[in-house]
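Novice: Read off the chains here:
2 protein chains.
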Amino acid sequence: MEQITSKENRWVKEYVKLSHSKSYREEKRLFTVESVKLIQEAFENGIKLEMVFVTKSCYEKKSQELEKLFQTTNCYMISSDIEKKISQTMSPQGIFAICSMLDKTFSVDTIYHKGKYVMLVDLQDSGNVGTIIRTAEAVGMDGIILTRSTCDYFNPKVIRGSMGSVFRMPILVIDDVNGFLDNLKENNVKTYASVLDETAQDLLQSEFASSSVLLIGNEGNGLSEDVIANCTNPITIKMRGKAESLNASMAACILMWEMMK
Amino acid sequence: MEQITSKENRWVKEYVKLSHSKSYREEKRLFTVESVKLIQEAFENGIKLEMVFVTKSCYEKKSQELEKLFQTTNCYMISSDIEKKISQTMSPQGIFAICSMLDKTFSVDTIYHKGKYVMLVDLQDSGNVGTIIRTAEAVGMDGIILTRSTCDYFNPKVIRGSMGSVFRMPILVIDDVNGFLDNLKENNVKTYASVLDETAQDLLQSEFASSSVLLIGNEGNGLSEDVIANCTNPITIKMRGKAESLNASMAACILMWEMMK
Chain B
39 MEQITSKENR
49 WVKEYVKLSH
59 SKSYREEKRL
69 FTVESVKLIQ
79 EAFENGIKLE
89 MVFVTKSCYE
99 KKSQELEKLF
109 QTTNCYMISS
119 DIEKKISQTM
129 SPQGIFAICS
139 MLDKTFSVDT
149 IYHKGKYVML
159 VDLQDSGNVG
169 TIIRTAEAVG
179 MDGIILTRST
189 CDYFNPKVIR
199 GSMGSVFRMP
209 ILVIDDVNGF
219 LDNLKENNVK
229 TYASVLDETA
239 QDLLQSEFAS
249 SSVLLIGNEG
259 NGLSEDVIAN
269 CTNPITIKMR
279 GKAESLNASM
289 AACILMWEMM
299 K
Chain R
39 MEQITSKENR
49 WVKEYVKLSH
59 SKSYREEKRL
69 FTVESVKLIQ
79 EAFENGIKLE
89 MVFVTKSCYE
99 KKSQELEKLF
109 QTTNCYMISS
119 DIEKKISQTM
129 SPQGIFAICS
139 MLDKTFSVDT
149 IYHKGKYVML
159 VDLQDSGNVG
169 TIIRTAEAVG
179 MDGIILTRST
189 CDYFNPKVIR
199 GSMGSVFRMP
209 ILVIDDVNGF
219 LDNLKENNVK
229 TYASVLDETA
239 QDLLQSEFAS
249 SSVLLIGNEG
259 NGLSEDVIAN
269 CTNPITIKMR
279 GKAESLNASM
289 AACILMWEMM
299 K
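In order, the protein sequences belong to chains B and R. All letters in the first sequence, in the order written, are residues 39 to 299 by the working numbering. All letters in the second sequence, in the order written, are residues 39 to 299 by the working numbering.
Be a bit skeptical, because a hint or two may be false.
No copy is singled out in the list; a pair is fine if it fits within one copy or between any two copies.
As the list claims (entries may be wrong) - Derived pair list, reagent style BS3-like, types lysine-lysine, alpha-carbon separation capped at 25 Å:
id, residue 1, residue 2
1, Lys45, Lys142
2, Lys94, Lys276
3, Lys86, Lys152
4, Lys99, Lys122
5, Lys276, Lys299
6, Lys280, Lys299
7, Lys60, Lys299
Everything labelled a hint here was simulated from the structure, so no lab data went into it.
All chains should be modelled from the sequences, with the hints used to inform the complete structure.
Specialist: As structure tokens, then:
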């Protein structure tokens with residue numbers, strides 16, 4: 039296996055740049071993944087690993103478990119100095135990959151037909167986005183819609199938070215929220231805007247249509263007035279505690295759970 | 039207002055040590071809080087602020103909003119160098135406090151009588167612990183039980199994740215899990231062990247007793263066999279997606295939601 043010993047190596051620099059810059063990821067159509075489990079998940083879900091960096095100790099420890107991966111991808115041995123430089127976790131496991139973006143987009147037509155979708159509007163916290171994608175898969179949702187202003191799903195923290203669900207879930211990124219909602223409305227898809235509003239429809243009194251999209255708003259501000267007005271059903275979680283203190287991912291979790299059970 | 043300009047100042051060092059060391063917090067019966075909203079929450083919930091550190095710009099910006107707090111507590115002006123040294127967040131807001139631990143313990147007898155409680159057994163992730171405490175308050179649970187091995191609730195990340203719920207929720211810390219469960223059983227409290235087990239009772243088929251304790255296990259390993267055996271009802275979330283991919287705080291969220299609705 040070829041070795042990379044210099045921190046100034048072109049691919050080391052490329053890895054760091056891809057990890058930190060959304061626009062660079064989009065330009066190159068590449069993203070990064072770290073840790074044994076996530077790289078395995080990527081590999082098993084048909085993501086192309088363009089380049090794998092592995093420390094000697096990880097390579098030796100995982101030579102059996104990752105045999106196929108090591109045989110079929112472009113691997114480079116890295117020093118622990120380089121590991122420290124490129125890792126974004128507290129306890130790196132010695133394996134890193136540069137991957138090609140998979141086109142996970144689905145056609146809007148799919149939604150008209152049938153299915154339950156969650157749409158994240160302007161969410162900024164990568165941990166929340168990852169957790170919601172992971173929970174959406176867990177409860178059996180059919181896909182994820184992200185507005186362009188939401189934290190992108192190739193962000194390393196979103197990938198980590200999702201525990202690999204981003205590799206499996208269909209994901210659609212949209213630019214024009216209101217145009218998209220109009221389009222859904224014309225095609226009889228129900229759109230549920232989650233709001234903190236006592237006058238909105240109570241989640242527990244709601245029946246979800248066979249084609250439903252649940253909208254979750256920004257962590258601090260929720261959904262904007264015009265987006266709420268453009269949805270067919272504003273919906274709220276009524277409970278005896280302090281509902282306003284649910285965070286975005288917990289509210290999304292409860293809403294998706296009720297939608298799918 | 040007195041000024042602190044040296045990073046070697048005794049109280050600056052004390053703040054850092056209290057932020058990082060659980061045993062030091064326990065020895066001194068003190069803990070730290072950062073940010074405007076959390077310090078306000080602490081203040082309004084009867085937590086004694088022993089000492090507040092504030093930057094000039096925060097003091098000027100918040101002089102009206104925090105007037106009462108500034109007047110009644112022991113405040114020191116700090117430089118932005120010190121702010122950088124002591125802050126544990128990416129965008130510090132210039133205000134920090136050393137607080138006295140409040141005795142939030144409740145008597146076990148309270149549980150016998152009536153109420154819904156969540157018990158965290160050996161949870162290690164401070165973010166999860168904070169989020170679960172926050173969600174427990176949001177859905178209206180009556181209190182929190184933490185095993186001694188669970189991340190302590192005066193950990194700064196737990197406080198942040200809970201958004202101040204730790205200041206309001208009754209919290210009991212226990213040493214002997216099985217002794218505690220025996221005790222509850224003898225007093226007719228139902229204990230629900232959350233497990234990933236198809237043969238366990240389905241959450242959706244469950245009625246929760248008027249005195250109920252829900253047990254959530256460690257992120258990686260779940261609850262141990264002996265703890266599960268010692269509970270009255272093993273309980274599981276059945277769903278059409280990939281249940282095993284729910285994380286501890288999401289599973290807790292769904293379980294608490296069903297328990298309280």
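Novice: Against this structure, judge whether each hint is valid.
Specialist: Hints, one by one, checked against the model:
1. Lys45 / Lys142: Neither, since 33 Å and 51 Å both go past 25 Å.
2. Lys94 / Lys276: Neither: 54 Å inside a chain and 42 Å across chains, both beyond 25 Å.
3. Lys86 / Lys152: Result: close neither inside a copy nor across copies, 30 Å intra and 55 Å inter.
4. Lys99 / Lys122: within (19 Å within a copy, 40 Å between copies)
5. Lys276 / Lys299: both (18 Å within a copy, 9 Å between copies)
6. Lys280 / Lys299: The answer is both: 24 Å in one copy and 13 Å across copies each meet 25 Å.
7. Lys60 / Lys299: Answer is neither: 35 Å inside a copy and 41 Å across each miss the 25 Å cutoff.
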